[in-house]
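Going by numbering that gives the first Met the number 0, the sequence shown opens with residue 0, and the numbers climb by one from there.
Some hints could be false.
What the hints assert, rightly or not - Listed next, the in silico EDC-like pairs over lysine to aspartate or glutamate satisfying Cα-Cα at most 20 Å (straight line):
1. K165 - D123
2. K171 - D98
3. K88 - D46
4. K178 - E120
5. K31 - D123
6. K165 - E134
7. K31 - D98
8. K81 - D46
9. K32 - D123
10. K81 - D123
11. K32 - D98
12. K32 - D162
13. K171 - D123
14. K31 - D162
15. K48 - E134
16. K88 - D51
17. K178 - D123
18. K178 - D162
19. K171 - E120
20. K64 - D98
21. K178 - E17
22. K78 - D46
23. K171 - E17
24. K64 - D51
25. K165 - E17
26. K88 - E134
27. K88 - D98
Claimed, not checked - Just the calculated beta-carbon pair ranges, DEER-fashion:
28. K12 - A75: 55 to 63 Å
29. K48 - A75: 21 to 29 Å
30. G151 - I44: 54 to 62 Å
31. N155 - V13: 20 to 28 Å
32. F177 - Y83: 32 to 40 Å
33. D98 - I74: 34 to 42 Å
34. Q121 - Y52: 23 to 31 Å
35. S73 - K178: 40 to 48 Å
36. Y52 - S115: 26 to 34 Å
Just so you know, these hints were derived from the structure itself, not from any lab.
Glycine is no exception: its CB is placed at the ideal position from the N, C-alpha and C atoms.
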Amino acid sequence: MIKDFIFSEKVDKVLRSELDYVSGSMLIPRIKKISINVSLGSQVIKDSKCLDYAQRSLSMIVGQKAVICRAKKSIASFKLRKGYPVACKVTLRRKVLIDAFFKKTLIGLARQRDFSPFSAEQFDGSGNFSFGVLEHAVYDEVDYESMYLNYGMNINIITNLNDSHKSMLFLKVLGIPFK
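Model the full structure from these sequences, guided by the hints.
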């Protein structure tokens with residue numbers, strides 16, 4: 000089913016030859032989770048409706064309820080106090096992850112203005128990949144006429160691979176463009 004869709008014959012064959020894993024082993028590369036974060040910062044202090052809008056639209060985009068994140072400490076220069084809501088996030092796993100990856104992430108990349116392929120510097124040392132989407136309006140779920148605010152998103156793809164090179168090859172086979 001889902002596993003067959005992701006690891007089709009072509010993908011499995013490429014990864015088996017390049018990454019040297021045994022078929023049926025627990026070393027098969029896979030995406031553990033996708034974390035999507037929308038941080039509005041000091042904009043929330045000026046207008047309290049923007050966080051509610053961001054939470055609703057993020058929930059519509061990914062199909063899972065977004066959680067509001069609060070400030071951990073007070074910062075006077077940003078007029079921020081401990082406990083103020085400043086962001087919202089969603090962590091996707093299992094079936095929702097598959098839908099979000101193929102439909103939302105790849106479509107969002109294709110529709111972005113001035114999109115250029117990703118570089119190897121966007122990986123951390125443990126094989127996790129992070130990138131940003133400039134506007135949330137690229138997704139079909141967002142109604143452009145009733146859009147209250149335009150914001151960007153940080154997307155983190157966490158894999159079970161511990162090497163950035165292997166993780167880059169795996170994500171390249173899945174369809175993410177790299178230089």
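Evaluation of the provided hints:
Our distance criterion of 20 Å between C-alpha atoms is met by K165 and D123, whose separation comes to about 12 Å. For the hint linking K171 to D98, the alpha-carbon distance of about 18 Å falls within 20 Å, and the restraint holds. A C-alpha spacing of about 19 Å is found between K88 and D46, which places the hinted pair at or below 20 Å, so the restraint holds. For the given pair, K178 sits about 11 Å from E120 by alpha-carbon distance, which is consistent with the 20 Å threshold.
Our distance criterion of 20 Å between C-alpha atoms is met by K31 and D123, whose separation comes to about 15 Å. A hinted pair counts as satisfied when its Cα atoms are at most 20 Å apart, and K165 with E134 does not qualify at roughly 29 Å. Only pairs whose Cα atoms come within 20 Å are accepted, and K31 paired with D98 is accepted, the gap being roughly 14 Å. Taken as a hint, the K81 and D46 pair is honoured in the structure, with Cα atoms around 18 Å apart against an allowance of 20 Å.
As the CA atoms of K32 and D123 are separated by approximately 15 Å, the hinted pair is consistent with the 20 Å bound. Between K81 and D123, the direct Cα distance comes to roughly 29 Å. Violation of the 20 Å bound is thereby established for this hinted pair. Distance check on the hinted pair: K32 and D98 sit about 12 Å apart at the alpha-carbon level, within 20 Å; holds. Our distance criterion of 20 Å between C-alpha atoms is met by K32 and D162, whose separation comes to about 17 Å.
At roughly 16 Å between alpha-carbon atoms, K171 and D123 fall within 20 Å of each other, so this suggested pair holds. Between K31 and D162, the direct Cα distance comes to roughly 15 Å. Compliance with the 20 Å bound is thereby established for this hinted pair. Of the pairs offered as hints, the one joining K48 and E134 holds, with about 18 Å between alpha carbons and a cut-off of 20 Å not exceeded. A distance of roughly 12 Å separates the Cα atoms of K88 and D51; the hinted pair therefore holds under the 20 Å criterion.
Only pairs whose Cα atoms come within 20 Å are accepted, and K178 paired with D123 is accepted, the gap being roughly 17 Å. Of the supplied pair hints, the one linking K178 and D162 holds, its CA atoms being roughly 18 Å apart against a limit of 20 Å. Taken as a hint, the K171 and E120 pair is honoured in the structure, with Cα atoms around 15 Å apart against an allowance of 20 Å. A threshold of 20 Å between alpha carbons decides the hint, and for K64 with D98 the separation of about 15 Å falls inside it, so the pair holds.
For a cut-off of 20 Å, the pair hint linking K178 to E17 stands: about 18 Å separates their Cα positions. Under the criterion of a C-alpha separation no larger than 20 Å, the hint pairing K78 with D46 is consistent with the structure, at around 13 Å. Of the supplied pair hints, the one linking K171 and E17 holds, its CA atoms being roughly 12 Å apart against a limit of 20 Å. This hinted pair checks out: K64 and D51 have alpha carbons roughly 12 Å apart, not beyond 20 Å.
Taking the CA atoms of K165 and E17, the gap is near 9 Å; set against the 20 Å cutoff, the hint holds. About 16 Å separates the Cα atoms of K88 and E134, which keeps this hinted pair within 20 Å; it holds. Pair hint K88 plus D98 holds up; C-alpha atoms about 17 Å apart against a cutoff of 20 Å. The beta-carbon spacing between K12 and A75, approximately 57 Å, falls within the hinted interval of 55 to 63 Å.
Distance hint check for K48 and A75: the Cβ-Cβ separation is about 25 Å, which falls inside the suggested range of 21 to 29 Å. Take G151 and I44: their Cβ atoms lie about 19 Å apart, and the range 54 to 62 Å is violated. For N155 and V13, the Cβ-Cβ distance of about 24 Å falls inside the hinted range of 20 to 28 Å, so the restraint holds. The hinted range of 32 to 40 Å is satisfied by F177 and Y83, whose Cβ atoms lie roughly 38 Å apart.
In this structure the hint that D98 and I74 lie 34 to 42 Å apart at CB holds, the actual value being about 37 Å. Between Q121 and Y52 the Cβ separation comes to about 28 Å, which falls inside the hinted range of 23 to 31 Å. A hinted range of 40 to 48 Å holds for the C-beta pair S73 and K178, which are about 41 Å apart. Take Y52 and S115: their Cβ atoms lie about 29 Å apart, and the range 26 to 34 Å holds.
Figure legend: structure checked against the earlier numbered hints; hints not met, in rising order: 6, 10, 30.
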